[in-house]
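2 protein chains.
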Amino acid sequence: MTFTGQHLIDGAWSGADTGRAEAEVEGLSVAQATEAEIDAVARAARRDFRAVAATPASTRVALLDAIAEEIDARGDAITATGVAETGLPEARVVGERGRTTGQLRMFAELIRDPGYLGNRHDPALPDRQPLPRPDLKLTKHPLGPVVVFGASNFPLAFSTAGGDTASALAAGCPVIVKGHPAHPGTTELVAQAIAAAVVRVGMPPATFQMVHGAAPAVGAGLVTHPEVAAVGFTGSLGAGRALFDLCAARPVPIPFYGELGSINPVFCLPAALAARAEAIGQGWVASLTMGAGQFCTNPGVILGIAGPDFDRMAAAAAEALAGAGAQTMLTPRICEAYGAGVAALRDRLEVLGETGPVAEGRAGRPIAFRTDGASFLVTPELHHEVFGAAGIVVACADADQMLAVAEALEGQLTATLQLDMPDDTQIAQRLMPVLTERAGRILCNGFPTGVEVAPAMMHGGPYPASTDSRATSVGTMAIDRWLRPVCYQSVPDALLGT
Amino acid sequence: MTFTGQHLIDGAWSGADTGRAEAEVEGLSVAQATEAEIDAVARAARRDFRAVAATPASTRVALLDAIAEEIDARGDAITATGVAETGLPEARVVGERGRTTGQLRMFAELIRDPGYLGNRHDPALPDRQPLPRPDLKLTKHPLGPVVVFGASNFPLAFSTAGGDTASALAAGCPVIVKGHPAHPGTTELVAQAIAAAVVRVGMPPATFQMVHGAAPAVGAGLVTHPEVAAVGFTGSLGAGRALFDLCAARPVPIPFYGELGSINPVFCLPAALAARAEAIGQGWVASLTMGAGQFCTNPGVILGIAGPDFDRMAAAAAEALAGAGAQTMLTPRICEAYGAGVAALRDRLEVLGETGPVAEGRAGRPIAFRTDGASFLVTPELHHEVFGAAGIVVACADADQMLAVAEALEGQLTATLQLDMPDDTQIAQRLMPVLTERAGRILCNGFPTGVEVAPAMMHGGPYPASTDSRATSVGTMAIDRWLRPVCYQSVPDALLGT
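Protein sequences appear in the order of chains V and A. Every letter in the first sequence is one number past the one before it in numbering that gives the first Met the number 0, and letter 202, counting from 1, is 201. Every letter in the second sequence is one number past the one before it in numbering that gives the first Met the number 0, and letter 52, counting from 1, is 51.
One chain only, chain V, in its complex shape (with noise of 0.2 Å):
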């Protein structure tokens, strides 16, 4: 395949020639979506939702099987690309690729089942006094066209054909791909395989589209397009937020479903420190410095009561870090980012472990610092994600500090205990509750990296872990998100189309 930057608009490749750029990808020349592009593959979203809207389940099955089996018969380019293009090793990029393609069999799974749309029927009562009661069918129906922010630290689960896409396909809703700018090799191969996909299923050509763009003029054009019904994103506070801010204050306002920034915190309890200090030590470095710290999930804070066991724990986490050496970073800005991050930290911290400098180029070295409860609780900036392997371990006064500085905290996606049951169950029992308030996801004795694909999952939590803490972007429940609740009173059976 020969990459060509182009868009995807309404069935029909184009912008070979016009407004092109440099992608973040060196030597890559990517099309700009103008804002003629833009309303385009707006109006044309609109114009095909009734159509995708009304397509059996069974089609929409057809079509997320479609696109996996598509990808699939790409894997290797797209694994070859994807690896070029985020620096991620090729074990990743497989893995990931395998995981996009359970997740679209998942929906397709899901909607075989006419339960996902929480259907639910009072049937009439006549003779009800003092007044009859009508018959009520309630069911659910797509919101309308989405729009989809691929994310850079997941070329393919998270971007173009990832969860949003899927579980947004999956409820009857066209598709509008914004690519991100550090991948767009990867996105086309992958805007290919959906393409391929919506002919063969035979579906309109504007299920699905994909437009390229990196300048924020794009991505606000499109979410403030009046066709546009709602927007799933994952990325930066930064730009989340102004996406946000767009879409609330349009005329008619619209869903946002950011997944932003969160630095999952990990909570050591004593008894659990006591038994396995260096395990946990080792296990929050393993987690940490993963996939070069750039997950959603990384655990970027370490807690507990300071003695001599929580100094075992840091120690062992010193020690393994040393063993922890640069990894590419995604982006060279990406990786400028967190270097500037690191520095910041560096004026307040002090230095627990580091192995060189820490971002060059788009080498970047995890680091770990330490500080005491005190200190954390007064200082709002130790609260906010720095993308990439720099963690802070927090030695607290005692229980009570651990506790406040759990209440101190943000909105997380996930917060985390290292336990050993019974004799942490004490403290446990009053983290749970400030816990369950601040993250989306609590667990034990694991890591946070790693999120399970299931029924069960919450990818989400407090504001700004996401923009809508009662949305999922990972697992079955993420369908919910692009669907409203319509209800049919006496409607005839004829009219229902059921």
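Honestly, I wouldn't trust all of these hints.
To be verified - Only part of the chain A face toward chain V is listed, based on derived beta-carbon distances under 7 Å:
#, residue
1, Asp121
2, Leu124
3, Pro131
4, Leu135
5, Leu245
6, Ala247
7, Arg249
8, Arg440
9, Ile441
10, Pro454
11, Ala455
12, Met457
13, Tyr462
14, Pro491
By construction, these hints were calculated from the structure, which means they are not laboratory data. Each residue gets a CB set at the ideal place from its N, CA and C atoms; glycine is no exception.
Since chain V is already given, all that's left is putting chain A on it; use the hints.
Here is chain A on its own, set in the frame of chain V:
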């Protein structure tokens, strides 16, 4: 009971002496919440949130049932005060009281069964390859303190102990009611009932609080307070949008569930008009003038295809209107706004029927206008709600134009079809997908006023009918607005409190 016009803050009545103002009810002076009082209610609600959230469902069942009992015990006083303040007929206030206690008992019944939490469990798969699956348990957790704005037009069912309060308490959220200045005495009596129930059941004092305040700053102060987690509102587009914007612009945005404006179109299909034009015209006027037209679901527009049948319908409507006299509207200000809205319509439209001055003091008289589909299409002002019994009869040139009008409508709470199957099937099938995109509830051969409180009800719709088309403010599903999912991964049962 003697009216005091005080706030209920953290279990105590206050504001007897400070910062009072005239209510919209003549002769009543009501406390006006200060910044310090707003801060006090929000902080008290947050302080008690964890305890309220942790109550077993059985305690919240007892609370909801006790509130219903305390309202019943004050039934005559509530009815007398409600009638005096709102000008609504006694039968209506008695009926609304029954609906209100019915809603409280419905939510009590709902949460007896944990099914409302939508719990999910993916058991661990320790032997799965390549990686084991951890145990995942999903449940729902209340959002936090909820602010509820009393509605002018439903002094009971959408106010102090209305559907928003009942569903939020059922979910485990403390509630702060902002009393509506049009019925402060009713608000006080119902708040007394809730306060008595809170004490009886032994819930924390800030489980329920109520403040008065007519100035926009009071509502703004409540929804922008950092300790407030969500808002329920029923009212005008202008006030609702202003509050929505404040919620979205907060450092931590929160959900704002606003039910705003709707014209609730009624589409008369040809066979139905041929068969029963007169009954449709009469039925429409009965629905239009019910409660002086002050229902969210008031059918402000009726459409059909021009011709003799349509003219018979219009003539029957005009005749029915001639028999409909003046009714007392909720407040002088609402009546004045009705008069102004009608005056603006009069400048553009032909009068179909009227019986005298439309707005004098608090006396509102119904009026109907007639126009054609082409004019309606090019006059966006006709697409907005005039709160009160003003209706527009729209004669469309043909079925295509009726479809075009449907396509041009904003979001609606309801859309109604008058149809006779099978002759109207074809045109109804063309209308259905359009209306499904635009309305939360579609009904056939009835009128939209009189919203059934039931599991399959949807009372909401695309903007501006509501600010969140995924949510309903009537029926059991309303509880979902105050809950967010939390996933517990490998968390020991001892910490799950189940």
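- Which numbered hints are broken by the structure, listed smallest first? 2, 3, 5, 7
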